[in-house]
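Chemist: Under numbering that gives the first Met the number 0, the first residue of the sequence shown carries the number 0, and numbering increases by one thereafter.
Careful: at least some of the hints might be erroneous.
[What the hints assert, rightly or not] As a list, the in silico DMTMM-like pairs of lysine to aspartate or glutamate whose alpha-carbon atoms are at most 20 Å apart: (1) Lys52 / Glu41; (2) Lys88 / Asp123; (3) Lys88 / Asp132; (4) Lys88 / Glu129; (5) Lys139 / Asp123; (6) Lys52 / Glu40.
[As the list claims (entries may be wrong)] Quick list of the computed label-pair ranges, beta carbon to beta carbon: (7) Arg16 / Arg84: 33 to 43 Å; (8) Ile137 / Arg84: 35 to 45 Å; (9) Ala86 / Lys52: 35 to 45 Å; (10) Arg16 / Asp59: 20 to 30 Å; (11) Glu40 / Ile140: 16 to 26 Å; (12) Met112 / Gly79: 34 to 44 Å; (13) Arg60 / Asp1: 14 to 24 Å.
Rather than coming from a laboratory, the hints here were simulated on the basis of the structure.
Idealized CB from N, CA, C, for every residue including glycine.
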Amino acid sequence: MDGAFLDTSIYLAILRRELKSFDVDALTGAADLWLSAVVLEELYAGANDRTRKEIASLEDRFTLLSRVVVPGLDDWVQAGHVLARLAAKYDYEQIGRGRLTNDALIAMSAARMDLRVITANAGDFFRLAEFRDFRCQIAKI
Numbered sequence: 000m001d002g003a004f005l006d007t008s009i010y011l012a013i014l015r016r017e018l019k020s021f022d023v024d025a026l027t028g029a030a031d032l033w034l035s036a037v038v039l040e041e042l043y044a045g046a047n048d049r050t051r052k053e054i055a056s057l058e059d060r061f062t063l064l065s066r067v068v069v070p071g072l073d074d075w076v077q078a079g080h081v082l083a084r085l086a087a088k089y090d091y092e093q094i095g096r097g098r099l100t101n102d103a104l105i106a107m108s109a110a111r112m113d114l115r116v117i118t119a120n121a122g123d124f125f126r127l128a129e130f131r132d133f134r135c136q137i138a139k140i
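Let the sequences and hints guide you as you build the complete structure.
Modeler: This is the structure in structure tokens:
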């Protein structure tokens with residue numbers, strides 16, 4: 000069965016009400032939707048009083064469905080290898096690699112679980128895909 004993660008960029012557009020009509024099924028197709036713990040962390044880190052409740056509700060729904068994916072040791076190790084190779088190829092400084100760590104963890108978890116990452120952040124995910132094969136779909140928001 001096909002499965003997918005929505006990246007933080009998609010949830011932020013939803014929370015900011017930038018998407019006037021958002022149809023998860025149209026975006027994901029028949030895929031089962033999963034939540035990355037990394038995305039959850041990013042959402043809570045940027046939350047305000049209004050969005051914190053919506054994020055907690057999102058967390059509760061995915062937890063009830065047992066569809067929260069937490070990066071494991073291998074995901075962290077793979078992310079480190081990918082970031083080192085990416086830095087060598089593109090001459091990223093430490094700050095550049097640090098900025099990509101969360102996206103790399105999402106991508107490595109997606110690859111491990113054979114989940115598709117749906118994102119509005121094409122550049123970073125496509126660069127990561129040069130060094131670790133995973134499915135990525137760009138959503139125009």
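Chemist: Range hint 35 to 45 Å: satisfied by the CB atoms of alanine 86 and lysine 52?
Modeler: Holds: the Cβ-Cβ distance is about 38 Å, inside 35 to 45 Å.
Chemist: Going straight from one Cα to the other, do lysine 139 and aspartate 123 come out at no more than 20 Å?
Modeler: 15 Å, holds
Chemist: Holds or violated: lysine 52 and glutamate 40, Cα atoms, limit 20 Å.
Modeler: Given that 20 Å is the threshold and the Cα spacing comes to 14 Å, the pair holds.
Chemist: Between the beta carbons of glutamate 40 and isoleucine 140, is the distance compatible with 16 to 26 Å?
Modeler: The hint (16 to 26 Å, Cβ to Cβ) holds, given that glutamate 40 and isoleucine 140 are roughly 21 Å apart.
Chemist: Between lysine 88 and aspartate 132, does the CA-CA distance stay at or below 20 Å?
Modeler: 17 Å, holds
Chemist: Can you let me know if the beta-carbon spacing of arginine 60 and aspartate 1 is within 14 to 24 Å?
Modeler: Distance hint for arginine 60, aspartate 1 holds at roughly 19 Å.
Chemist: For the pair isoleucine 137 and arginine 84, does the Cβ-Cβ distance stay inside 35 to 45 Å?
Modeler: At roughly 22 Å between Cβ atoms, arginine 84 and isoleucine 137 fall outside 35 to 45 Å, so the hint is violated.
Chemist: Just to be careful, I want the Cα atoms of lysine 88 and aspartate 123 compared with a cutoff of 20 Å; is the pair within it?
Modeler: Satisfied, since the Cα-Cα distance of roughly 14 Å is no more than 20 Å.
Chemist: Quick check: does the Cβ-Cβ distance between arginine 16 and aspartate 59 fall within 20 to 30 Å?
Modeler: Holds: the Cβ-Cβ distance is about 21 Å, inside 20 to 30 Å.
Chemist: Should the hint that methionine 112 and glycine 79 are 34 to 44 Å apart at their CB atoms be regarded as holding?
Modeler: 19 Å, violated
Chemist: Against the 20 Å threshold, does the CA-CA distance of lysine 88 and glutamate 129 hold or violate the hint?
Modeler: Cα-Cα ~10 Å, so holds.
Chemist: When you take the CB atoms of arginine 16 and arginine 84, is the distance between them in 33 to 43 Å?
Modeler: 38 Å, holds
When held up to the earlier numbered hints, the structure conflicts with 8 and 12 and fits the remainder.
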